[in-house]
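Asker: Protein sequence lines, in the order shown, are assigned to chains A and B. Using full-length UniProt numbering, read the first sequence as starting at 1 and increasing by one per residue. Using full-length UniProt numbering, read the second sequence as starting at 1 and increasing by one per residue.
Watch out, some of these pointers could steer you wrong.
[Unchecked claim] Simulated crosslink set (DSS-like; lysine-lysine; CA at most 25 Å straight-line):
id	chain 1	residue 1	chain 2	residue 2
1	A	655	B	184
2	B	655	A	455
3	B	210	A	249
4	A	98	B	655
5	B	623	A	601
6	A	184	B	210
7	A	631	B	668
8	A	631	B	655
9	A	601	A	668
10	A	631	B	634
11	B	263	A	361
12	A	631	B	601
13	A	601	B	184
14	A	655	B	98
15	A	55	A	238
16	B	150	A	242
17	A	631	B	210
18	B	601	A	634
19	A	634	B	623
20	A	210	B	631
21	B	668	A	668
22	A	634	B	634
If you're looking for bench data, these hints aren't it; they were derived computationally from the structure.
Protein chains: 2
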Amino acid sequence: MDISALRDKHPSHWMKAAAIRALTLDAIAAANSGHSGMPMGMADVATVLFEKHLKFDASAPNWPDRDRFILSAGHGSMLLYSLLHLTGYSDMTLEEIKNFRQWGARTAGHPEYGHASGIETTTGPLGQGITNAVGFAMAEEIQRARFGKKIVDHHTYVIVGDGCLMEGVSQEAIGLAGRHELSKLIVLWDNNNITIDGTVDIADRTNQLKRFAASGWSIHECDGHDPDAIDRALTDAKKTGKPALVACKTHIALGSAAQDTSKGHGALTDPKVVADAKAAYGWTAGTFEVPADIKSQWETIGSRGGAARAEWEARFASVSQNKQNEFNRAYALDVPNKLSAAIKALKKKISEEQPKVATRKSSELALGVINPIMGETVGGSADLTGSNNTKTADLGVFLPENRAGRYLHWGIREHGMASAMNGMVLHGGIRAYGGTFMCFTDYARPAMRLAALMKIPTVFVMTHDSIGLGEDGPTHQPVEHLAISRATPNTYVFRPADTIETAEAWEVAISTKTTPSVLALSRQNLPTVRTEHKTKNLTSQGAYVLADAEGKRQAIIMATGSEVEIALNARDLLQAEGIGTRVVSMPCMELFEAQEERYRKRVLPGGPVRVAVEAGVQMGWDKWLTGERGKNNKAGFVGMDSFGASAPAEVLYEKFGITAEAVAEKVKSLL
Amino acid sequence: MDISALRDKHPSHWMKAAAIRALTLDAIAAANSGHSGMPMGMADVATVLFEKHLKFDASAPNWPDRDRFILSAGHGSMLLYSLLHLTGYSDMTLEEIKNFRQWGARTAGHPEYGHASGIETTTGPLGQGITNAVGFAMAEEIQRARFGKKIVDHHTYVIVGDGCLMEGVSQEAIGLAGRHELSKLIVLWDNNNITIDGTVDIADRTNQLKRFAASGWSIHECDGHDPDAIDRALTDAKKTGKPALVACKTHIALGSAAQDTSKGHGALTDPKVVADAKAAYGWTAGTFEVPADIKSQWETIGSRGGAARAEWEARFASVSQNKQNEFNRAYALDVPNKLSAAIKALKKKISEEQPKVATRKSSELALGVINPIMGETVGGSADLTGSNNTKTADLGVFLPENRAGRYLHWGIREHGMASAMNGMVLHGGIRAYGGTFMCFTDYARPAMRLAALMKIPTVFVMTHDSIGLGEDGPTHQPVEHLAISRATPNTYVFRPADTIETAEAWEVAISTKTTPSVLALSRQNLPTVRTEHKTKNLTSQGAYVLADAEGKRQAIIMATGSEVEIALNARDLLQAEGIGTRVVSMPCMELFEAQEERYRKRVLPGGPVRVAVEAGVQMGWDKWLTGERGKNNKAGFVGMDSFGASAPAEVLYEKFGITAEAVAEKVKSLL
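Bound-form chain A, shown alone (with noise of 0.2 Å):
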């Protein structure tokens, strides 16, 4: 590259683009790690879409209208904590940018959502980054749809790399995108040609452009140095009523010894490399320092869309007060006050009618309560609509012709759906749910631990949980997942056993901020085992006794979900003994983990035998078992300890032992 020719053409845009280029290899080298040649390549394409482009304003960094930028190759975090420090936004100061990757800083090696503002989600996991970003722009669609054009009407913009374009979940995105003619949607295609192993036609040599473009995208390509180049195609990209894919051919580490080879995607330290690189740029200014003229310039492209912002302002005060209050309480993620009543009228009814239904049908009911009164919801499977039951009468499909439908059909795409989910709530203003079968937890993995980590409140309703499912078999009996969303920290883990603690499970899962929720549920039929109505919302601690011993309390048996009723089953068989038998329901692990010890010895005193029944495997159980003033030699699990297998669901039950006889056999054999 004759770095000098790029410099002499476009003097000022060069030494703005040069300043990402200079914060980036002083942080980096401060650090002594991290991804240079990312943001080194795409200062040119990052600038020119910061001062052209993107409406944002730097002092107003949640206006719910703002475009939404996001970096997909979360490696390159420099680049977008440059952008952050260099437009002004407050909290990115240069400190930080000096604090780059130690502990405590918002400039966390990969951006990390809720770190800083202007980290519309937090990325690194390659692939996830689009795929939020098809959730945004879908968000965009739905809330123009319901609040107007006046008061929404804003682009997404994503920069990916070779990286997120190999991960399969960007195939998903990209078909989605398509078919929903997400046309504010942009992506910047970091098109280096290298990555960590060599250049990326080691491992693919998919025309990336035919392959947008056969999802139904509008393709562009610019020289991504160039910055007329990169205007005249941002400009073009935004005009064509389709989601548009803009290839930006870039040098990797632009002007340094590694230029353009896998070395430079990672972190250049070594003080002659650094030091070169910025004496080709032109850059004479000294460590972490951005001479005034050039930070002015770029704190101007951070005020820029101050008068839009202003304007939006004006114009949101302008429309009903209750329009204002809805969005500013989806925005706020606070719960309609009428949710709490209305989910009590179906748990008082349901507790006189005592069906037994599925729990997913019960997670149907319970919707059939919320969407009406929640206008941010945003409901969708991953093609099992009529499995999962998760749509209900009043949503409408989303589709082109309908960006008012509040439903998804994610085709079989479980990732993709849990991704999108996670853009759509990171947007702000909907909070989504889909649905997957249990086992199919594994296809959605990376996005899920991203919402945890994120701490945003997706819901993922996993029907078919257990061996109950039958027919199927093993590649669809979920074992071990229950343990494996238990394990993930900061996910609440709900196995309802009826339909009360299924609304009770949907009223913490829809109402709290910063948890995602997993709902696990039933393909079969189950009894209505919370008969007495309860104002209380007995599922949100967790655990409680259900049915308490009558008698001396020899024994404690504790279940989740569809293994309540053979716990309540084995109870009978054992007060027929005369053995005082407690069963204790535990909807929700994690819960029940929180509250205070008081409760929990309550629930869970010291000396009873203890037996635990779900039909998945014990991992996680012992805790509740040996621990919490349990005792080795009187605790036991019926359970599964190997994968299920294919035939009707009593069969397997019955097979695979999980039964009310044996489980009273277990207690006695404790006793």
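Based on the hints, put chain B in the right spot on chain A.
Answerer: Coordinates of chain B only, in the frame set by chain A:
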């Protein structure tokens, strides 16, 4: 569809295909569950494939040079079972067909590897079959290069549905096959435009032909009900020098009332629907009855490959005995005799030299011993070769111009890598291992689970296994992933403490025949803790006493991997205070659990305080802390209860309190 026209045009073909359709209808009606539409739609394609193209011999299902047939759309299992039964596979009796989806039957709801001959892989989780198939085709290329075309020369055929193609992992498969010009891979797409939720285009409008072409595939189309057209397309597809897609335009549930509808996807069990469909087919035989002449035609197809097989056997007998032995040994998954001595020699050398290296480097050292003497190993990494240390000098890189290469640059495709590795192992003759960061277990999960379910010894090399990776932060720091892998049945999770344990872990992982292994390896350097050479493989016992208490045994500290060093340091602190402390290294919980109780009791006697230290979540440890003779009030854990953070590794260990001092304090607080 004008069924009678189809019938009249190709009467002999039609009746053979009708046999598949009739058996499908009967089996699903008997089971009262299953998926009718796919077998009914793809019967013509499958009939032509088996009759005219697939090289197989029903009497020798494991003939190594057979073509492989993979049903990626595994819910259409009755298609496969019908074909196996009709062509005369001896273990696929009519009784099995009648017992479809029942306990103990070979005919599970989805095809389960190992249940019956001719089931090349377990499918059902969509997208896996096509990705396995990429591994099959790679294995064929690698073995052809190694053993010669006389011995290895076959195709891999895959039937995929729309669901497979929507799953992101299929893009990883498509990219890999295109890049590597896997010309013996033929994908037959059941293009019926129907999924469970409706027509495909409610969720996807991707032009699949263009999508595959963008990755370098050859593209073919045919009417999936015209046997001549199918034959032509298959003939063409094999000639292109590229992987080939054959888009077969079909009608789901052909000839039934549910044809071309979502209803047709599932179980057609209504007697009238079944009877009417059979009538439309001109099928007059009774339930589960196949007229003798039709069965006989099918059996002729089943024995069609007999001569080719005999010729192959003659050719095989003509190659050198050494080649035959190596070929047979690899297919039998036997390790060479010299492996054991080579591992012992490495252990001896290391115990003397006592290097301080990361266990990912230790793994490279072990592979440096294994790969030269096991020509069947194929290594790789998802674009982290230098970080995963998976490449040894002798392997060579697999590329079209170097088919003998035994190292795969998988690209940024953890899921595709894992699934294709499974395919290689399933193909036979290959032991595959591949690396990524431990955190990206999340991306590879669906395939890792299937390895465990299928009982195949794929090896997952997962480096950067804790907060010890440092600055990349929580998106890259596994916390729950040890628990996730341990929760999965039939999975060895190794977390070795030093080079000796790593070599021992590799010896188990590369020798086992029925269990996949996860090797959790450190980024950071670790001291050699096994300083005294033992020929015995202590890791194969799962846990063992690494350092015993001096004086009265008051405490047992259990640890794995990088925390064994911390445990030993904590022991020093405690012993200095006169507190007799044993350190148990526990590199593999699953193998420890498999030991006799006598041994387990020797390692973990009741009585002493127990503290476990591992830089992950507690889940999975309670079993050894409070279970297994432990006591609730004398057990403690030092580890993580949240996600990690971005900072240098030492800082993180300090801030999260995973230190020798904290472990010693925990012990003392429990004495």
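Asker: If a hint holds in the structure, say so; if it does not, say that too.
Answerer: Hints versus structure:
Note on residue 655/A and residue 184/B: the hinted pairing is violated, with a Cα-Cα distance of about 43 Å set against a maximum of 25 Å. Distance restraint check for residue 655/B and residue 455/A: the Cα-Cα separation of roughly 21 Å lies within the 25 Å cut-off, and the hinted pair is therefore satisfied. Distance check on the hinted pair: residue 210/B and residue 249/A sit about 23 Å apart at the alpha-carbon level, within 25 Å; holds. At roughly 20 Å between alpha-carbon atoms, residue 98/A and residue 655/B fall within 25 Å of each other, so this suggested pair holds.
A distance of roughly 21 Å separates the Cα atoms of residue 623/B and residue 601/A; the hinted pair therefore holds under the 25 Å criterion. At most 25 Å may separate the alpha-carbon atoms for a hinted pair to count; residue 184/A and residue 210/B meet this at roughly 24 Å. A threshold of 25 Å between alpha carbons decides the hint, and for residue 631/A with residue 668/B the separation of about 22 Å falls inside it, so the pair holds. Between residue 631/A and residue 655/B the alpha-carbon distance is near 33 Å, which puts this suggested pair outside the 25 Å criterion.
With a C-alpha separation of about 23 Å, the suggested pair residue 601/A and residue 668/A falls inside the 25 Å cut-off, and the hint holds. For the proposed pair residue 631/A and residue 634/B, the alpha carbon gap of about 11 Å is at most 25 Å, so the pair holds. Note on residue 263/B and residue 361/A: the hinted pairing holds, with a Cα-Cα distance of about 20 Å set against a maximum of 25 Å. Our distance criterion of 25 Å between C-alpha atoms is met by residue 631/A and residue 601/B, whose separation comes to about 17 Å.
Restraint check: the Cα-Cα separation between residue 601/A and residue 184/B comes to about 64 Å, which exceeds 25 Å; the hinted pair is violated. In summary, the hint linking residue 655/A to residue 98/B is supported, as the alpha carbons are separated by about 20 Å, within the 25 Å threshold. In summary, the hint linking residue 55/A to residue 238/A is supported, as the alpha carbons are separated by about 13 Å, within the 25 Å threshold. Only pairs whose Cα atoms come within 25 Å are accepted, and residue 150/B paired with residue 242/A is rejected, the gap being roughly 52 Å.
With a CA separation close to 63 Å, the supplied pair residue 631/A and residue 210/B exceeds the 25 Å bound. Using a Cα cut-off of 25 Å, the hinted pair residue 601/B and residue 634/A holds, with the two alpha carbons roughly 18 Å apart. For the hint linking residue 634/A to residue 623/B, the alpha-carbon distance of about 14 Å falls within 25 Å, and the restraint holds. As the CA atoms of residue 210/A and residue 631/B are separated by approximately 63 Å, the hinted pair breaks the 25 Å bound.
For the given pair, residue 668/B sits about 37 Å from residue 668/A by alpha-carbon distance, which is inconsistent with the 25 Å threshold. A threshold of 25 Å between alpha carbons decides the hint, and for residue 634/A with residue 634/B the separation of about 17 Å falls inside it, so the pair holds.
Checked against the numbered hints listed earlier, the structure breaks hints 1, 8, 13, 16, 17, 20, 21; every other hint is satisfied.
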